[in-house]
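S.K.: Residue-level listing of the chains:
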Amino acid sequence: MSFDVPDDLSYLESHEWTTTDDETVRIGVSDFAQDELGDVVFVELPAVGDEIDAGSAFGVVESIKAVSDLYAPISGAVTAVNEDLFDQPELVNDDPFGDGWMLEVDPSDDSEFDDLLSADEYRDQIA
Amino acid sequence: MIYDQARYTEDETKHEPLLSEKDTSTVEISDTDSPLPEDLTRDDLTLPGLSEPELARHYTRLSQMNWSIDSGPYPLGSCTMKYNPKFTEDVAADPNAAIHPDRSAQSAQGNLGLLHGLQEYLATIGGMDAVTLQPPAGAAGEFTGILIAKAYHEHHGNDRSEVIIPASAHGTNFATAAMAGYDVVELPSDEGGRVDLEALKAAVSEETAALMLTNPNTVGLFERDIVEIAETVHDVGGLLYYDGANLNALLGRGRPGDMGFDIMHYNVHKTFATPHGGGGPGAGPVGVVDELAAFLPTPRVRETADGDYERFEPAQSIGKVHGFAGNWLVVVKAYAYIARLGDAGLSDASAKAVLNANYLAEQLEMDVPYGPFHHEFAATAGDRDAADVAKRMLDFGVHPPTTKWPEMVPEAMLTEPTEIESRRTLDTLAEAFNNAYSDTDEAIETAPSRTTAGRIDQVDAARNPRLSWQALDE
Amino acid sequence: MTDTDGSPFAPHTAEETAAMLDSVGVDTEADLFDIPDEVAFDGNFGIEPRSEQAIRGEMRRLFARNDDLTEFMGRGHYSHYVPSLVDHLSDRAEFLTSYTQYQPEITQGFLQALFEYQSMLVELTGLPVANCSMYDGATALAEAALLADRVRGTSGQTILVPELLREGKRSVLENYVDGAGLSVESYPMDDGNVDREALVDLAGEETVMIYAENPTVRGTIEEGLSEIGELATDTEALFCLGSDLVALSLLEEPASVGADVVVGEADVLGLPTSYGMGLGIFATSDRFLRQVPGRLVGVGSDVDDRRAYTLTLQTREQHIRKERATSNICTNQAWVALRAAIHIASLGPDGLVDLAEDCVRDAAVLAERVDDIEGYQAPIHDRYHFREFVIHTDQPAAAITADVEAEGYAIHAIDDHLIQICLTETTTHATDGLVDALQEAA
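Chains as they are written, first to last, in this note's numbering: chain A, 1 to 127; chain B, 128 to 601; chain C, 602 to 1043.
It is worth saying that the hints were derived from the structure and are not from the lab.
Even glycine gets a Cβ: it sits at the ideal position worked out from N, Cα and C.
Some hints here could point you the wrong way.
Said to hold, decoys possible - Computed, partial: chain B to chain C, Cβ under 7 angstroms:
{"no.": "1", "residue": "Leu177"}
{"no.": "2", "residue": "Pro180"}
{"no.": "3", "residue": "Thr303"}
{"no.": "4", "residue": "Pro408"}
{"no.": "5", "residue": "Val416"}
{"no.": "6", "residue": "Ala421"}
{"no.": "7", "residue": "Gly450"}
{"no.": "8", "residue": "Leu521"}
{"no.": "9", "residue": "Thr578"}
Please work from the sequences and hints to get the whole structure.
M.R.: Structural data, given as structure tokens:
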């Protein structure tokens, strides 16, 4: 099965993705991840203003059969949280890179982006 | 065999209405002759209140829409769903036994005698020196056992932080270790499906408080290297804990105490046939070797010089793991069962359990990757979805096995028929397995169709949790 | 017919066994076992099998060794009359011999019964989330403390409990919270109730949870619960209230006094005196839903769009979450919950409230009678009481309880000169005898 892996994103081994749009970094989970999880029933996210640390868990995504920690690709302050996910967790399954986004973060250390996987590297990993 | 389950359908939206939909009334406390001032009471109470005939119908119908051991085969792996002997119910209902746990010992000689008797029976069966009957379930027994290990290490001035658990172990083992404050070290299995001895040797250290093992393991394999496993753990000063879920395979053939286990729990609702009651109550007595007896929960029962029974507090007791004495009624039934079987019956139970599992596996079209197994085996549904195959089995008059666990077998169908099934029933069970396994994709994906409810939308239930009839009105 | 040797519940005849062994390809049953000789056992436990008839006789004689006393006892385990209906319905084999509802389509009956039980707890506690059972009140309290620890934002470490908390309950709590690095501390009582001033002094940043009981283990009814609720909110601790099903029918509704979690004994209904076997209540608010231990029954729909019940939010539990589960609990007290639900439905709200009001009235009347006896002062606490009360005795309590026992009555001795008596509708017929015995023993 071939999974969607947008080229303009960076990835973590644990299947989170990040994007950069000027100063805002958006974070979510990949198509591979949502497929693995199955139907998402709940997403637990931090609050706006909270600090997240690269490599540490910032939240939880839950399906019928599993609960997975969400790991932060980079460190920074949370500037926005996708509130739609509380009522429609299925957005993670339906549009993991678009409407299924989870957080927006103001990065505190730009050098952390170098540690992330490129789309090609991530594609290789999940192959 | 085809099984059409009872289905009472009030209308197209529901089966049997809820009690609240049949009759609900409200009592205003201020309308009653309340002996308390208003500020110390609630305002009102709204609950159903049905007449006896209505209740009899309601619950009788509910019972008819419910599968049980007495309905048909229930081959859930690691659950040991064996027949619950009826006479044990009558024994437990003895009005003389219905006493308060705070009774003086001298006025409670009957109950203390029963507790003492079961302590002794279980110690013998497990090869242990001392037993507590207080833990009210298997998981509670595990927790008690690990607390004992913790107390033992603390008593000896050893600060240990890890518990080693095979990856294939039951979820309660992991949760128990974490609750006790330990870090879990997961142990992989070897190619044969047993504990990887080399990995174990690498994993043990001065941090090892205990290794928790099920034997036979959760795919029914006996840990052949158990003596060496015990030595490996003991050499670093760790303790060996036995999860008693699969004891039905060993009755009369092997005892955990003889294998080097220091602590064990028993699942009396599995091995000793007490009824599962829709999820409980069970009981999880814990046995220990002499060296650990002082740490057992309090109180225990012992015989006095005069042949009476008394309660006592073990010298370094960890305290209590239940508010009172545990699940008393369950413990009584376990005693009665053991007394009924005796040596010959207990050994025969394990022999027939193992024979039935082997015979059943022989009749199945599915592969069983790991062997030689004992009382349970993990078949694999291969490229079919084990959960779907299981749903289709429901239409054939059997309860399916445990599915998708343990993870070491893909699309696992962990099956334990127990000794109570006849050959004829096993053939029927095998037929159900095989028919479901070879059925069309559509059939297994839309199954079940003959049970009270059709396939339930689990995703919606989890996304919109409604956990009470009050939530339905919102 | 089956073989008479061996398990009476294994139906194999010798012929069947032989045929099955043949089919599997081994000669004997022993060949199927892969147990190394060095750890093999010869089957000699020394347990003589007896017939059903013999065991019933044996155990009848054993239990007859208990003294036949009229029990005026409580302190966490109570005796109310359980209607015959409860036995006959819950004993139906389809309920009794069923299992956890891992295949909900075929177990709708029990799931609905548990869903109804949860709903009854929601009404009684005022909190929207109730699980379908814990082992008992003590372990439910322990699990509440662990939940409080998980949800509390700051790094507090203390669970505050009443000084008079039953020792066994406190021990269970301590065992459970030890692994989480929490400690249990008492706050003092003021004439049998929570000493709210002292509690305010004790509670602070360190406090994870404040626990109070209504009624208390001495039977006193609390009077300042909402203040405790406010205190908990101020200190960001959780307020956990312990009670029982009958008390909840009449006393202040826990949600209305700010309780975040309700625990306690539900076995007061559905289960007669059973040597301490219990049923634990666990109810809490929506915001802790995903932290709740134990099994939850929810509603959904099936493929025919009909309402259907199912265990839900199972990802909290040990079989999925393993060491990150909310609890290690697996087997619970489901069948006892079924019994409680049937009992509640049979009483209805009127019956329940009546029963609860009797628990207050009858205790007060008996306390007055005992107080009239020379050598006894009752109740020692100037409070309203529920079912039970404490009495001060001029003579040593141990001597009094022994004398009273010799006359056929069982009561509690709780201190050198304190005894406790519990009264329910199952013992009101015997109060004259008890009063006489107390008089004799004075």
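S.K.: Please go over all the hints and tell whether each is borne out by the structure.
M.R.: So, going through the hints one by one against the coordinates:
1. Leu177: Cβ of leucine 177(B) sits 6 angstroms from chain C, so the hint holds.
2. Pro180: Violated - the Cβ of proline 180(B) stays beyond 7 angstroms from chain C, reaching only about 10 angstroms at its closest.
3. Thr303: holds, 5 angstroms
4. Pro408: Cβ of proline 408(B) sits 5 angstroms from chain C, so the hint holds.
5. Val416: violated, 15 angstroms
6. Ala421: Violated. Min distance 16 angstroms.
7. Gly450: Hint holds; glycine 450(B) Cβ to chain C Cβ min 3 angstroms, cut 7 angstroms.
8. Leu521: holds, 5 angstroms
9. Thr578: With a closest approach of 4 angstroms, the threonine 578(B) hint holds.
Checked against the numbered hints given earlier, this structure breaks hints 2, 5 and 6; the rest are met.
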